[in-house]
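First to last, the protein sequences are chains Y and A. The first sequence: position 74 = 74 (the numbering used here), numbered continuously. The second sequence: position 1 = 1001 (the numbering used here), numbered continuously.
Please keep in mind that the hints were generated in silico from the structure rather than gathered at the bench. Given the structure is predicted, the values throughout are model-derived calculations rather than measurements. Any given hint could turn out to be false.
[Stated by the list, open to error] Across the chosen pairs, the derived CB separations fall in these ranges: (1) Y:K42 with A:R1044: 15 to 23 Å; (2) A:G1040 with Y:D57: 28 to 36 Å; (3) A:I1012 with Y:R1: 21 to 29 Å; (4) Y:P111 with A:K1057: 40 to 48 Å; (5) Y:D77 with A:E1100: 23 to 31 Å; (6) A:R1044 with Y:L74: 39 to 47 Å; (7) Y:R59 with A:E1079: 24 to 32 Å; (8) Y:T18 with A:S1069: 43 to 51 Å; (9) Y:P14 with A:M1022: 38 to 46 Å; (10) Y:R76 with A:Q1018: 46 to 54 Å; (11) A:M1022 with Y:K45: 49 to 57 Å.
Each residue gets a CB set at the ideal place from its N, CA and C atoms; glycine is no exception.
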Amino acid sequence: RKEVEQDPGPFNVPEGATVAFNCTYSNSASQSFFWYRQDCRKEPKLLMSVYSSGNEDGRFTAQLNRASQYISLLIRDSKLSDSATYLCVVPSSGGYQKVTFGIGTKLQVIP
Amino acid sequence: DAGITQSPRYKITETGRQVTLMCHQTWSHSYMFWYRQDLGHGLRLIYYSAAADITDKGEVPDGYVVSRSKTENFPLTLESATRSQTSVYFCASRNYRSEEAFFGQGTRLTVV
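Okay, chain A solo, but in the shape it has when bound (with noise of 0.2 Å):
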């Protein structure tokens, strides 16, 4: 299907485990972003990418780690889960020429 997915759309782990949280887009916008949503904190940028191979810090990037080697994906590793980063996780991508971000359902992350 066309469009920006998220897998896993839920995901249950345990503090210290490596997690992987997918994107995949299908436009080959060149942007690409991992946001964490909290309560109380709106929309926080973690990483983004400008193209392949591309990638950059954004307000809250401990912990992460990101990846594009093509750019219809953009994984988001978390090395090993806290209980601070349970939260609610968008990506989304845009391209070179627009203002618009276009996000994925978001993938919501529990760690216990």
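The following block holds chain Y by itself, in its conformation from the complex (with noise of 0.2 Å):
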């Protein structure tokens, strides 16, 4: 199993839809995990931190099933300027202070 798996889509949903990611992991030990937009050609940033409890920002809310081990990303109420592409970000097995990143969900929101 890979470390962290994601759909790379393209998800292509209509302005005010709800639309959610998932990302699946195989380290069982992970603790820390995130969430990162990536525009076209552009460099990643930090979405979101994911927490146990889950974690909500706005139109953003990010959950975490360890019984299942996956992470997901649920936007409420698309907006064009969601456009992108959201990287799952989970520790890797190599050490703590290294991360893995997934390949990507492309979300395209169309008027």
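Two chains, two frames, some hints: make the complex.
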């Protein structure tokens, strides 16, 4: 099993829709998880951290399911500006200072 | 300017040439990282550094060399460029107290 797996998409959703992405991971000892956002041809930027209790920031909600070893990102009321690639990030089994990035899920919000 | 900067932003080089990509950060972050991003692979770690003079291999280190004589600089050298090293290279840094990594704008390298 890969350290982290994501559906690359693309997910094409209309404005105002709710969309969810999942990301599965293999290292059951992982403690910290993140979602990064990457716009086309730009650098990745931290979107939000994922805590055991979940994390909500406006229209964005991140959840962790340890039993099934996946994290999720829910985007409500999608905006055109949400169009980007969303990267799942999990700690690497090689050491706490390293992380593994998922391949990313591409979201396209259409008018 | 404050932040993390990479240079050059774009580079075309020939097979067999040595190429150095520069990365500079002004935050005095302990950790610095080099990633490459390719279609179908996402971001893959090449090398990382926990502090000046401390470096270690990542997932795909072959063909690359790094050094970190100063905290703020972390250059990546391709000793003898190959076409398979055509990629977008991202440098990142992180404070040891924080889990958030900050990325440079990337260097788009083409080896012909």
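| task | Provide an ascending list of the numbers of those earlier hints which the structure does not satisfy. | result | When the structure is compared with the hints, numbers 3, 6, 7, 11 turn out to be violated.
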